[in-house]
Amino acid sequence: MKLAFPRLAKFIALAFAGVTLTAHVTHAQNATPDNRPVVRVAVQQISNSGALDPLREQSNVGTRVLPMIYAGLIQLDTTGDLKPMAGIAESWKRIDDRTLEFKLRPGVKFHNGDPVTVEDIAFSFGPQRMFGQSKPNTGAATAQPAATAKGAAAAANDPAFAMGPTPPPEVVAVARNIWPSLIGVEIVDDKTVRLVNALPDVTLEGRLARLGSEIISKKAYLASKDWNTWAQNPVSAGPFKVKELKQDQSLVLVANDDYFGGKPNVREIRYTVVPEVSSRINGLISGQYDFVTDIPPDQFKLIQNNPKFEITGGPVMNHRLVVFDKTNAVLANPKIRQAMTHAIDRKAIVDALWGGKTTIPAGLQWEFYDNMYIKDWEVPKYDVALAKKLLKEAGYKGEPIPFRTMNNYYTNQTQTDQIMLEMWKAVGLNVQMQMAENWSQIFEKGPMRGVRGWSNSAPFSDPVSSMVNQHGPRGQQQRMGEWSNDEFNTLSNVLVTSVNHQERREAFARMLVIAEREDPAYTVLHRTAVFYAKRKDFGWKPSQTFLMDFRAENLQPPK
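If you're matching positions, the sequence shown starts at 39 in this note's numbering and goes up one per residue.
FYI, nobody ran anything at the bench for these hints, they're computed from the structure. There could be a bad hint or two in this list.
As the list claims (entries may be wrong) - Here are the simulated distance ranges between beta carbons:
1. K579 x T397: 47 to 55 Å
2. G436 x D134: 43 to 51 Å
3. K229 x Q326: 44 to 52 Å
4. E314 x K141: 25 to 33 Å
5. K131 x N468: 39 to 47 Å
6. D134 x D227: 16 to 24 Å
Model, not experiment: these values are computed from the prediction. Here a beta-carbon is modelled for each residue, glycine too, at the ideal position from N, C-alpha and C.
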């Protein structure tokens, strides 16, 4: 058995502004023209960061597009039962509670025609691709395996380490959040690899199936001028490959006819950024687009009155939240945050804006957690009297509370925010809305940061996927300096490293109490619902995530 680790180069800063890059895609010379249709999709946005790299674009809009470019060892059946299924790996098994072994599917090719090798697998989970100079969490009493430590040291001393791009800090932070204890990949033979974790982890399979654990071409990555160049034209093994990206305007993907899951039924997908709902709908009706995203229920009849089109979609594995910054002078008192959670009539929001087409979940969890799901939990009850009582106990005197938001980044976001402002006002809260243009403005630190809108997804069937991933010690809320709780962080470690089911379940139940009742980090509003308007003559099934799956098995073009 030999051990492989990727090479580490010095940091190259990310610079996205104004970048437009056309990828050079090599097309085979066919004797007959490609008569497959082109799919045209109008979206609210393609990428918040400007990158087509899932380790940088961990967003709802990124989840819609990036799985069409990338492929992982295993993947979720998002249009089925949400169970892990074979990807680049044709099979896998547990060696122990820290190690997974994979047998690679034969004949898988990257977009550039190169075969996917075990060296590419090792590189995809190594320091130059993911982790930079960061170290895995090995635990206080856990020694790093000798062979792995030796391999890492040899890789660090390799003179070729200086070649190619290295990940920017944002990528390293996301990678270590997804893989806090990953040591690396052992190559067993030319068809077999082992993923080695430093600590026990019952969620390794789920982590592999989520966005951010895809396999990339080592050759293409190292040949990129810098990380930004790579992120505009990535090379993986998904069903489509990048043809052209115009920042904040459009993305064109061309079919990867060598895709191991089957040749796509369309030759191109063209995503066009159309921020306004009305413009997306008008474009569909006029024949400019085949699919349009993020349709609110009050627009359904306009679509359904036309026999050529239909509405599809529904609730997805994502919840809408309001998030608190307890470093704000007013919100430092947990009773103020508690009052805000009890002042919200969630049912009124769901009925008024969603027509009852989504639900109010039991806090930040999903039923597909199975035996980790806490059935007797619920969101804070709507109770005006209790909210006023909490404000009185807190000594609240009407001090302003800033609320940063964007114009309908989420469907019905602006309307939801306006309703909540009235609900908060009704109990005596002086919440002041501040409109932001982007997420950088939302997260900007200072005394005017207090409350914001957000959403959390569950990329796999365990509370680690959302509770720890978003709110734990390495999660975005704590990285942004908005919230932290010592007991919560200790329990996060239990949830991540314990293999005792009862211990994990009790830890998660207590984390819900801390983050949603005692020291609110957020409050859940409702389950997110995603609705699409589309041409009826395209056969297509929406997924249970934000992914728009245009693989051959899920898209039947008009005949």
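These are the hints, each one checked on the structure:
The beta-carbon spacing between K579 and T397, approximately 21 Å, falls outside the hinted interval of 47 to 55 Å. About 58 Å separates the C-beta atoms of G436 and D134, a value inconsistent with the hinted range of 43 to 51 Å. Between K229 and Q326 the CB atoms are about 47 Å apart, so this pair conforms to the stated range of 44 to 52 Å. Hint check: E314 to K141, Cβ distance near 48 Å, so the stated range 25 to 33 Å is violated.
For K131 and N468, the Cβ-Cβ distance of about 58 Å falls outside the hinted range of 39 to 47 Å, so the restraint is violated. Separation of D134 from D227 is about 19 Å and conforms to the stated range, judged on CB atoms against 16 to 24 Å.
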